[in-house]
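**Student:** Take a look at the letters that make up each chain.
There are 2 protein chains.
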Amino acid sequence: MNKEINIGLFGFGVVGSGLYNVLNLSEASHIKISKIVVKNPKKKRSIPSENFFFDKQTILLDLKINTVVELINDPEEAYQIVKTALKYGKHVVSANKKMIAEHLNELIALANNNNVSFLYEAAVAGSIPIIRNLEEYYNNDTLSSILGIVNGTTNFILTQANEGISYKKAMQIAQEKGFAETDPTSDVDGFDSKYKLSILIKHAFGIHVNSNSIFNNGIRNIKPRDIQYANEKGYRIKLFARAEKIDNQIIGFVAPQFVKQDNFCYQVNNEFNAITVEAAFSDKQLFIGKGAGSFPTASAVLSDISALVYDYKYEYRKSAVEGKVNFTSNFYVRVYLGSENRIDLSRIDLIQEDESFFSDEYSFKIGWIVFSELEKFDFNEWKEISLIILPNEVELAEIQYFTLQNTTELILE
Amino acid sequence: MNKEINIGLFGFGVVGSGLYNVLNLSEASHIKISKIVVKNPKKKRSIPSENFFFDKQTILLDLKINTVVELINDPEEAYQIVKTALKYGKHVVSANKKMIAEHLNELIALANNNNVSFLYEAAVAGSIPIIRNLEEYYNNDTLSSILGIVNGTTNFILTQANEGISYKKAMQIAQEKGFAETDPTSDVDGFDSKYKLSILIKHAFGIHVNSNSIFNNGIRNIKPRDIQYANEKGYRIKLFARAEKIDNQIIGFVAPQFVKQDNFCYQVNNEFNAITVEAAFSDKQLFIGKGAGSFPTASAVLSDISALVYDYKYEYRKSAVEGKVNFTSNFYVRVYLGSENRIDLSRIDLIQEDESFFSDEYSFKIGWIVFSELEKFDFNEWKEISLIILPNEVELAEIQYFTLQNTTELILE
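One line per chain: the protein sequences are A and B, in this order. Just so it is clear: in the first sequence, position 186 is 186 by the numbering used here, and no numbers are missing. Just so it is clear: in the second sequence, position 141 is 141 by the numbering used here, and no numbers are missing.
Just so you know, not all the hints are guaranteed correct.
Repeated chains share a single entry, so a pair holds when one copy, or any two copies, can fit it.
As a list, the in silico DSSO-like pairs of lysine-lysine whose alpha-carbon atoms are at most 27 Å apart [to be verified]:
#1 324 - 32
#2 39 - 3
#3 83 - 64
#4 56 - 44
#5 64 - 177
#6 177 - 284
#7 3 - 365
#8 223 - 365
#9 324 - 35
#10 87 - 32
#11 383 - 83
#12 284 - 43
#13 32 - 284
#14 324 - 168
#15 3 - 313
#16 223 - 83
#17 260 - 284
#18 87 - 44
Please keep in mind that the hints were generated in silico from the structure rather than gathered at the bench. Please read all numbers here as calculations on a predicted model, not as lab measurements.
Next comes chain A alone, as it looks inside the complex (with noise of 0.2 Å):
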């Protein structure tokens, strides 16, 4: 039960300072970091320069090192870091969602093979323990959807955006206190987020979905006309990234979304992440925290470290299902569209047109699309659209879908 942690650190950015920081603060005498390695030995840190090492088999070499923590950006290279040193019977704690949720069945494997633990809460909503919970809590029951605010950026911009700020002076406002990178593609586009939606994916239903085959609309399209549709509405503008299990199909995708008042999601502003759990029998339960920063994030990493001390692992119940259960875009979705050309909203066909507006200024309409048909634009790229998904108007706040079968007078032919 007092097994020493000895680690080996990769990264000394945001979150590995944070952790050596928070590590220092507590009383886990039997956790201790060994060795840091960092990318750029002229870089100014805050601690003395004798603690770094440039060299990445200084740690993975290093026998007495029996845990890695990598906290470094690049993902091939944290591939390559992850990859050995389970190889070498080392514990791995990783915050890095794009190379987990590109490899995650091999790394899976391979910590299985050396008989480690590999651990990723940080990955994932920063300190939500949304893992764990999908994991040892969520493990009985019948789960149904996952529905995230899982990227703390995008969701700062569009609480400034829903209080009438334009896309550009709220980006800024976010660059300027830390929120967001120089190069936000990552967070606006929705690829951070989908890369968090594959991991969630694998632990709530059991299947891996690499994020390349996961749909990411994000935010940058979003237009003062449309946040002026939402207040007019009394909604507000979210991006989500969300999962259903449907029979055994599994859906998923991130995209903009309307959200009512009434939802709980309406209320979670600014950086704060939120997670909504609904299974079968527990009903739906809400998760909110704070999703990056260097305390909270170093804060989820360190109790992965924690929990090594007591041999935990992920035991991957629900993976059983591998092969039975597939991902679908064969659902339907209501959705909105807005530009400022009523020309580009005729590129898209709606089998069902439910609303439509047209002026000289701003067009939008709304309807219900097979999901493999909107998959087919890449609306990240078309500047001009708005894509929007609405709630449902039926059951409150929530996304109607039906699944093909389900609803045959609607296929398509």
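Dock chain B against chain A, hints included.
**Tutor:** The following block gives chain B in isolation, referenced to the frame of chain A:
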């Protein structure tokens, strides 16, 4: 990994029958209810009468039953059953908060001595996995506070009351909807909340504080004028169970509190429960879900049962502090005291009075008081007085406490 769970079930009320249904609907083939013991042979039930036994020994002496699930109302009888089951080497899953709050350390010792698990997630906040999270996830972190709406009945009544419906009418609606018992004393006077708080304190801070030592003031005396005051200030009133760790002292109590709009709990209405956990590094986390009802509670019970398959136990790692930290009433709190008669108010001395209002119909005063002074009154029985805790004026939506040693200038002499 595929241990058979052979259950002896005590009680077939809302939760017991819910569990029975949930188990029938789930795919957990290695979990089965072998025998059910109920009290009343004559009561009509949803399944055939040959399923029921009436002597508790039928389960307790059955060597094939390895797990007792205790879901009866009577705390004293529950205590006898749980004690005996643990002694006989059976795992126990219970939802009886009063019984657990009053005998926790004894039952933990019994479980340890007999090398069995004693789990009770359903006892606190129904389907919200708060005990598991406090045990597993917030183990490494320096937890500083927990604040919860842990009683759905009072939250439902307060939601109505905040909207201007009288307490009496709100209680009637709650009873019609099945949210309130015929005798609602335990709920509305805050007893139920403090049993749960006692359990939360054990898992959050490591010490067992018997619920008899915890102050509880419920919502029975809240008057329309208090609601009016709340509305004027933009507050809602919520019944909070809360505990904080300040240095090596734990404080905790149950009382109504004014909540501002920017507090997440402001939006937690009707029968929903919510728990905020604050920790040094992970910042604030919020969990929201249904706290009561047949399926949410049964789902929590089933989660415990499923965890038994993997030999799960609460480790009580924080209990090492038992004896080193103490529970204290030696702190200040800012209160609102209202009454239709100003003479009532004069019976309670504030050490610092910030505001007061007097009229023929209604009077109130606001200010600081030492908590141990407040505890001398039984506010549940003192119908004339409304006692409501105020949110801090500096840090939003939080009470400001300060321990006596930190505020020498305010010490009473």
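**Student:** Run every hint past the structure and note whether it holds.
**Tutor:** Quick rundown of the hints versus the structure:
1. With identical chains, the CA atoms of residue 324 and residue 32 are at most 27 Å apart between copies only, with a shortest distance of 26 Å across copies and 43 Å within one.
2. With identical chains, the CA atoms of residue 39 and residue 3 are never at most 27 Å apart, being 30 Å at best within one copy and 48 Å at best between copies.
3. Only within a single protomer do residue 83 and residue 64 lie at most 27 Å apart by alpha-carbon distance; the minimum there is 18 Å, versus 46 Å between protomers.
4. In this assembly of identical chains, the alpha carbons of residue 56 and residue 44 lie at most 27 Å apart only when taken from the same copy (19 Å versus 70 Å across copies).
5. Taking the closest pair of Cα atoms, residue 64 and residue 177 never come within 27 Å of each other, the shortest separation being 40 Å inside a single copy and 62 Å across copies.
6. In the homo-oligomer, the alpha carbons of residue 177 and residue 284 lie at most 27 Å apart only across protomers (19 Å), although the nearest pairing inside one protomer, at 33 Å, exceeds that limit.
7. In this assembly of identical chains, residue 3 and residue 365 lie within 27 Å of each other by CA distance neither inside one copy nor across copies; the values are 60 Å within and 56 Å between.
8. Proximity of residue 223 and residue 365 under a CA criterion of 27 Å is satisfied intra-copy only: 15 Å inside one chain copy versus 50 Å between copies.
9. For a Cα distance limit of 27 Å, the shortest separation of residue 324 from residue 35 qualifies neither inside one copy, at 44 Å, nor across copies, at 35 Å.
10. When the C-alpha separation of residue 87 and residue 32 is checked against a cutoff of 27 Å, the pair qualifies only within one copy, where the shortest distance is 22 Å, while the shortest distance between copies is 41 Å.
11. Neither within a single protomer nor between protomers do residue 383 and residue 83 lie at most 27 Å apart by alpha-carbon distance, with minima of 39 Å and 67 Å respectively.
12. Taking CA atoms no more than 27 Å apart as the test, residue 284 paired with residue 43 passes in neither setting, with 47 Å inside one copy and 33 Å between copies.
13. Taking the shortest alpha-carbon separations for residue 32 and residue 284, only the inter-copy value of 26 Å comes in at or below 27 Å, while the best intra-copy value is 39 Å.
14. For a Cα distance limit of 27 Å, the shortest separation of residue 324 from residue 168 qualifies neither inside one copy, at 45 Å, nor across copies, at 54 Å.
15. Taking the shortest Cα distances, residue 3 and residue 313 sit within 27 Å of each other both inside one copy (15 Å) and across copies (19 Å).
16. Proximity of residue 223 and residue 83 under a CA criterion of 27 Å is satisfied in neither setting, with 43 Å inside one chain copy and 64 Å between copies.
17. Taking the closest pair of Cα atoms, residue 260 and residue 284 come within 27 Å of each other both inside a single copy (16 Å) and across two copies (24 Å).
18. In this assembly of identical chains, residue 87 and residue 44 lie within 27 Å of each other by CA distance neither inside one copy nor across copies; the values are 33 Å within and 61 Å between.
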